[in-house]
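**Student:** Working from the sequences, and respecting the hints, build out all of it.
Protein sequences appear in the order of chains A and B. Note that this note's numbering has the first sequence beginning at 72, numbered continuously upward. Note that this note's numbering has the second sequence beginning at 72, numbered continuously upward.
Simulated from the structure, these hints should not be mistaken for lab results. There's no promise every hint is true.
Identical copies look the same in the list; a pair holds intra-copy or inter-copy alike.
Heads up, simulated SDA-like pairs for lysine to any residue below, C-alpha to C-alpha not over 25 Å straight-line [to be verified]:
hint, residue 1, residue 2
1, Lys388, Ala215
2, Lys318, Ile197
3, Lys185, Gly273
4, Lys237, Gln379
5, Lys201, Ala315
6, Lys110, Asn156
7, Lys388, Gln230
8, Lys201, Gly283
There are 2 protein chains.
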Amino acid sequence: MRIAVDAMGGDNGSKPVIEAIKEFKKVYPDDEIIVFGNKEELNELSSICEVVDAPEVVPMTAGALEVIRMKNSSMCKAINAMKENGYDAIVSAGSTGGFLSAATIVLKTIPGVKRSALVTAFPTKIKGKKVVVLDVGANNENNAEELVQFAYMGKAYCQALFNVEKPATYLLSNGSESHKGSPLVKETHELLLKNNFEGFKGNMEARDVLNGDADILVSDGFSGNVLLKGMEGIAKMMSGMIKANFKKNLWTKLGYLHVKSGFDNMSETMDYKSVGGAMLVGINGVVIKAHGNSDAYSFKNALRVAHQMVEYNVVNKIKESLANG
Amino acid sequence: MRIAVDAMGGDNGSKPVIEAIKEFKKVYPDDEIIVFGNKEELNELSSICEVVDAPEVVPMTAGALEVIRMKNSSMCKAINAMKENGYDAIVSAGSTGGFLSAATIVLKTIPGVKRSALVTAFPTKIKGKKVVVLDVGANNENNAEELVQFAYMGKAYCQALFNVEKPATYLLSNGSESHKGSPLVKETHELLLKNNFEGFKGNMEARDVLNGDADILVSDGFSGNVLLKGMEGIAKMMSGMIKANFKKNLWTKLGYLHVKSGFDNMSETMDYKSVGGAMLVGINGVVIKAHGNSDAYSFKNALRVAHQMVEYNVVNKIKESLANG
Chain A
72 MRIAVDAMGG DNGSKPVIEA IKEFKKVYPD DEIIVFGNKE ELNELSSICE
122 VVDAPEVVPM TAGALEVIRM KNSSMCKAIN AMKENGYDAI VSAGSTGGFL
172 SAATIVLKTI PGVKRSALVT AFPTKIKGKK VVVLDVGANN ENNAEELVQF
222 AYMGKAYCQA LFNVEKPATY LLSNGSESHK GSPLVKETHE LLLKNNFEGF
272 KGNMEARDVL NGDADILVSD GFSGNVLLKG MEGIAKMMSG MIKANFKKNL
322 WTKLGYLHVK SGFDNMSETM DYKSVGGAML VGINGVVIKA HGNSDAYSFK
372 NALRVAHQMV EYNVVNKIKE SLANG
Chain B
72 MRIAVDAMGG DNGSKPVIEA IKEFKKVYPD DEIIVFGNKE ELNELSSICE
122 VVDAPEVVPM TAGALEVIRM KNSSMCKAIN AMKENGYDAI VSAGSTGGFL
172 SAATIVLKTI PGVKRSALVT AFPTKIKGKK VVVLDVGANN ENNAEELVQF
222 AYMGKAYCQA LFNVEKPATY LLSNGSESHK GSPLVKETHE LLLKNNFEGF
272 KGNMEARDVL NGDADILVSD GFSGNVLLKG MEGIAKMMSG MIKANFKKNL
322 WTKLGYLHVK SGFDNMSETM DYKSVGGAML VGINGVVIKA HGNSDAYSFK
372 NALRVAHQMV EYNVVNKIKE SLANG
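**Tutor:** Printed below as a string of structure tokens:
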């Protein structure tokens, strides 16, 4: 298995990426990592993986054209090398828009796929169960045919990653009633029924996404992004409040000792870093977007997701799912 | 001040409404309450307010036409009586869609208003500061002209309720860059700039809504609903986890004693019940939608919001804001 890594694009530079690769190689020594970035900075990796010098750094605000024009950037070189050498996967913590669009342009969508989608898994109330949500931000707007394809791609992803045979699939809406919602939701709902989409359970309000009923939630890219980031924002705010409560004085610190393990579990459940990264599905190859401010732990999890996706052969599963749909 | 109350529509029947009115009257003895519902159930209120017999209960799934057809329902009678008698405000915990649409049809939008919008205030990281968000669910889809009107209506609401002279106004988007977003966001952004909308600060990601920078967040009804309910869902899940952590055993219960006051403050900040209700702006009159499963505390807060909105003359402020915009 060969995984290309853009070491430079994230908010925190190459340092967490270096740590992440070292840790990852301990668990998966047979995976071949090809890392792109400033050769001097990456020197200590040269004993365990191939280092390709690509000193330019794509800015966080860059779009696809800027990425493609920056031929010596770590991101552009990694994407092009994946195409030329047929690497199995690529991981980057750089500009979301730039990375996803440039990867789509260079690596191309799977034949028949109208739009790629960014997919990730949210924690739920049920211990160990996650809900697969797509699109969480690859698209600014979508039509009903694209959402139906997202359902098929989400199914393949869910089956590969969580081994759920008939995933319960819902459509994100502003109410649970089947005949209500935006015009886009209504049309998509009709199409999924018409296609006899196996496991389609109807519409779901944002309030119920984490209650554990859904295996897959299908959404247009704009609303999915609002859902993901809105939840991230409030979870971060509440976590901050919890920490502040425990830090107040000696008594609250003592109180914390009694409940530490419970709150550590909770932090782990809620932490997006443990999810590791979102996959761009619908592309020829495994394309993983790590969080922009990934630390070593988070980036290692993104590498692990890449490994799992290649291992489960998710790209072929998506092709099959679309062909049978 | 005269406030019409639908006592029957909520999930919990008339009991919490009766308690809420009793408490409310202690604080605002001069407000006249006209309460609609089953006369026998509401008997104990007859000494402090006018009780109008309206025994039928609008189901939670009812749409506008069903509400208008149910002439003897508490919701329909309350809306019609508000129109006929010129009451200042109406409060209901019944079917959101049915109540908002029926109120719009009967009471009519303010001349020039294209669409009414549901507005509420979210807590932020900054103590005591709230962010006004609209539309959180009155509309299934909106166009750019409607979103611009929402900005003007939000401004009047924010000025009335929080006394902010030049509220910082943002547009909900999938990124903070001014030239990005959905086609709707791009068009609205352009229009707000063209109108020289005072206080317009640009686009905001869902992740940053609670950080305290924004006084007003403008959104289409579908995305705003996803944001509100998504945040509500995860806040409820995290609160449940916190409670479970403290209930585990004697040691965790002891731990709780040390941090109780902090967590009580946090619960109050995060509790949608303390917000009390969302207002439908753009209508002739103060229309307040209380949460479907309101308890007495929550419904009393909805009554308080109604009182404040009438006191601040928010309907006229909206007319002025639109006329000057």
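**Student:** Which numbered conditions among the earlier hints are violated in the structure presented, ordered from lowest to highest?
**Tutor:** Structure breaks no hint.
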